[in-house]
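Undergrad: These protein sequence lines map, in sequence, to chains A and B. According to the working numbering, the first sequence is numbered sequentially starting from 664. According to the working numbering, the second sequence is numbered sequentially starting from 3.
Quick caveat, the hints were computed from the structure, so don't treat them as lab data. None of these values were measured; they are calculated from a predicted model. There may be inaccurate statements among the hints.
Label-pair ranges, simulated between beta-carbon atoms [stated by the list, open to error]:
no. : chain 1 : residue 1 : chain 2 : residue 2 : range
1   : A       : Asp715    : B       : Ala212    : 49 to 55 Å
2   : B       : Phe83     : A       : Lys720    : 27 to 33 Å
3   : A       : Gln668    : B       : Gly338    : 57 to 63 Å
With a cut-off of at most 30 Å between alpha-carbon atoms, the simulated BS3-like pairs for lysine-lysine come out as follows [to be verified]:
no. : chain 1 : residue 1 : chain 2 : residue 2
4   : A       : Lys858    : B       : Lys18
5   : A       : Lys720    : B       : Lys331
6   : A       : Lys703    : B       : Lys48
7   : B       : Lys259    : A       : Lys851
8   : A       : Lys846    : B       : Lys14
9   : B       : Lys164    : A       : Lys669
Ideal placement from N, C-alpha and C gives every residue a C-beta, glycine not left out.
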Amino acid sequence: MQSLQKITSRFIPLRIENVDTDQIIPARFLKSTIKEGFGKNLFRDWRYENDDETKPKTDFVLNQKQFTGEILVAAKNFGSGSSREHAAWSIQDYGFKVVVSSFFADIFKNNALNNGVLPVTVTDAFLQAIFAQSAESTLTIDLEKQTITIDTTGASESFEINAYKKTCMLNGYDDIDYLLSMKEEIEKFELNHNK
Amino acid sequence: MGKTIFDKIWDKHVVKIIEGGPSVLYIDKHLIHEVTSPQAFSGIEKRGAKLFRPNQIVATADHNVPTMNQHLPIADQLSKFQVDTLIDNCKKHGVELYGLGHPNQGIVHVIGPELGITQPGMTIVCGDSHTSTHGAFGSIAFGIGTSEVEMVFAAQCVMQTKPKVMRINIEGSLQNGVVSKDIILYIIAKISASGATGYFVEYAGSAIRALSMEARMTICNMSIEMGARGGIIAPDETTYAYMKGRPFAPQGEYWNKKLTEWKKLYTDADAKFDLEININAADIDPMITYGTNPGMGLSVTGKVPTMDSISDPTEKQNFEKALAYMGLKAGQSLLGMPVQYVFIGSCTNSRIEDFRLVASIIKGKQKNASVKTLIVPGSQEVAKQIKAEGLDKIFTAAGIEIRQAGCSACLGMNEDKIPAGEYCISTSNRNFEGRQGAGARTMLVSPLTAAAALLTGKITDIRTMLN
Chain A
664 MQSLQKITSR
674 FIPLRIENVD
684 TDQIIPARFL
694 KSTIKEGFGK
704 NLFRDWRYEN
714 DDETKPKTDF
724 VLNQKQFTGE
734 ILVAAKNFGS
744 GSSREHAAWS
754 IQDYGFKVVV
764 SSFFADIFKN
774 NALNNGVLPV
784 TVTDAFLQAI
794 FAQSAESTLT
804 IDLEKQTITI
814 DTTGASESFE
824 INAYKKTCML
834 NGYDDIDYLL
844 SMKEEIEKFE
854 LNHNK
Chain B
3 MGKTIFDKIW
13 DKHVVKIIEG
23 GPSVLYIDKH
33 LIHEVTSPQA
43 FSGIEKRGAK
53 LFRPNQIVAT
63 ADHNVPTMNQ
73 HLPIADQLSK
83 FQVDTLIDNC
93 KKHGVELYGL
103 GHPNQGIVHV
113 IGPELGITQP
123 GMTIVCGDSH
133 TSTHGAFGSI
143 AFGIGTSEVE
153 MVFAAQCVMQ
163 TKPKVMRINI
173 EGSLQNGVVS
183 KDIILYIIAK
193 ISASGATGYF
203 VEYAGSAIRA
213 LSMEARMTIC
223 NMSIEMGARG
233 GIIAPDETTY
243 AYMKGRPFAP
253 QGEYWNKKLT
263 EWKKLYTDAD
273 AKFDLEININ
283 AADIDPMITY
293 GTNPGMGLSV
303 TGKVPTMDSI
313 SDPTEKQNFE
323 KALAYMGLKA
333 GQSLLGMPVQ
343 YVFIGSCTNS
353 RIEDFRLVAS
363 IIKGKQKNAS
373 VKTLIVPGSQ
383 EVAKQIKAEG
393 LDKIFTAAGI
403 EIRQAGCSAC
413 LGMNEDKIPA
423 GEYCISTSNR
433 NFEGRQGAGA
443 RTMLVSPLTA
453 AAALLTGKIT
463 DIRTMLN
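Start from the sequences and build out the full structure, keeping to the hints where you can.
TA: Here it is as C-alpha cells:
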C-alpha cells in the first residue's frame, strides 16, 4: 500500500449528494479479475454521453479543464451502496489520493483506507467553504497533524482517523500484514471459540 | 447493565482490541462469489500465503451469470473468464463451490440460509453489501470489500470498529396487501439512505415476530440501504422451525446443544441502545420509490414531494437531478403510470414465499400484454420448489416465463438489463441511476405490488385488487 503523509493540491468539486458506488464504477465494469485499470471508467455514465468516450458530458466536473488535482471533494454520504472495492480502486487509479466529504458510507471508508486513499470527513460548513473557492485554489491535508486547510483563506479544520489506521496510512502498512503476524493468537482464540 | 443481542455476539468474536483502533473480529462463515474474490485470491498468492480456514468458506456464482441456458458455455467472454477464475481458485485453494449447474447454486444470500449454513450467533461476511440478509437468523452479518476478503482468507478475521446500535420497534398488525418489503421501504423513506450509517440495527416488536424467515430476510437485506453496517433479528421458534433438517444445520444431539445456546441470543430488558425508533405497523402502506436512492420512497398512493419542501440548495439540486433522471415531476402522483418492465428477483425478494405471493395474485389471470418480465428465482432450490408446488403452471398460464437462478437485472452486470428510459417495477434493493442498466428507471416495490403491475401494466395499489 502507498503511504501518505501530507499533500497540497488543487481539487475537483463534485457537488452531488449520495454518490453511490454504482455511479463511481458501474457494475458492467466489474468483470475484471485484476485491480488495475478502473480509473478510465470512473464515473463512466456521468462522464460520457451514451457510453461514448468521444462524447464527454461538458457539464460534468471531470470533463471541465479548469478543475484538476489529486483531491476529490464531494457532497454528503459519499460511497453508499454496494461494497465493491472497485470504487476505491477506480478513484485511486484515476489519480486521487484524498476524498473529502461531510459524510462517508462505512464500507467505502474502509475500502479507501485499505487502498491508501484517505477519506477526510469535514463539517458541512467547511465543505461549503471549500465549494466556494475558485478552481485555482489548493487544499493541504496533513495526516500527521490531522488537519485540512484551505490555503487561500487559511481556514483549517481537524479531522478524525483512528490511531491504528493513521499509522498504517503514514507508513503504507496494510491490515493483512498485521493479521498474518498474529496467527498464533488467532489459533489460540479458535481453540476456545470452537468448543 | 444488560447487553444487546449484537453485543453478546460481537463480544464473543473479538480476538483482540487494538489500542486506539479497530477490533480483530473472528469470522465463522465466509461466503464468496465470482465478482469480489479474484483479486483477493491473487493477493494471497502474491504474499505466498495460504487460505487459513478454507473449510469455513462457501462459494457460488451468481452476479455475473446468465439466467437462461445455463447449461451452455457463458457467451460473454469476460463473464466466462471471471466465473472460470472462481472455479480455478476454489479448486486450487480447496474451497467448496456451488457453481452453475450445481443443485445448491444460487444467489449467495439465498443459498446460505436455505442450506442451513447461516446460523444464529455466527459472524458471517461476504464481499457483498447485502450480506446483512443473514442477520435475520440472529447473526452478525455484514458486507466487506475485497481487501477484507483477503484478510479473511489470510487469518479468518477482519478489522472492524464496533458500530453503534439502533433498535427499530415495529408494533401492531400490517394492513392487508402490505408485506415486509413495504416495512423496510417505509423505514428507509423515514430515516433516509444514510440514516443508519455507523449503526448496526436490531429489528424488534410484534410485527417483526409475526414475520416468516423469508420476510425477515427481506428486511435485514435492505439494512445497508439506510447505511447500516447490518441488521439483526433475535432468533425464535420461527427461526428454529425454518432451520431444522436443512443440510448444513446441526443434527441430533448437536442440534439440541446449539438450540440451548441460541435461546440465549436476545437483547436483555435493561440493555441500552444509542438510538431507538418506534413504528406503528398499521401506518405502513404499500410502498414505492420515485427517486434514485432507496430513501426516496412513498406510499403507492402518495405524491412526489414538491420543490418548496426542500430548503438546502445542494439537496434541491440533487432532488431535481433525481426527478430529471426518473422523468417525473415534483408533486405528481404515481398511481396509474404505465411501466414497461417488471423484475421479480434479487437477494431481497426471490425466495419461495415471494413466488407464492406473486402466484396468489396472478392465478387464473393474464399478464398485461405491454409488460416485459424478468422473473428470476434466487436459487436452484427455489426453482425446484416452484415446480414442486405447481406455481410454474400459474406463471406459464399467465404468459410469464420463469428464468434460472442468479442476481439477474438487480445490478446491470449480466445479460439481464433494463433499456434506457424504460420504467421497471422491481423487487430488488437499489434504484440508483443506471443500476439496472444505463438510463434504466427503477421503482422498488414489494412482490405483491410487482404482481399487480404484471396484470395491469401500471403502477397499481394492490389493496384495490384484494378482497
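Undergrad: Next step is simple, just say for each hint if it's right about the structure.
TA: Taking the hints in turn, this is what the structure says about them:
no.	hint	result
1	A:Asp715 to B:Ala212: 49 to 55 Å	holds, 52 Å
2	B:Phe83 to A:Lys720: 27 to 33 Å	holds, 31 Å
3	A:Gln668 to B:Gly338: 57 to 63 Å	holds, 59 Å
4	A:Lys858 to B:Lys18	holds, 19 Å
5	A:Lys720 to B:Lys331	holds, 24 Å
6	A:Lys703 to B:Lys48	holds, 25 Å
7	B:Lys259 to A:Lys851	holds, 23 Å
8	A:Lys846 to B:Lys14	holds, 18 Å
9	B:Lys164 to A:Lys669	holds, 28 Å
Comparing the model with each numbered hint stated earlier shows that all of them hold.
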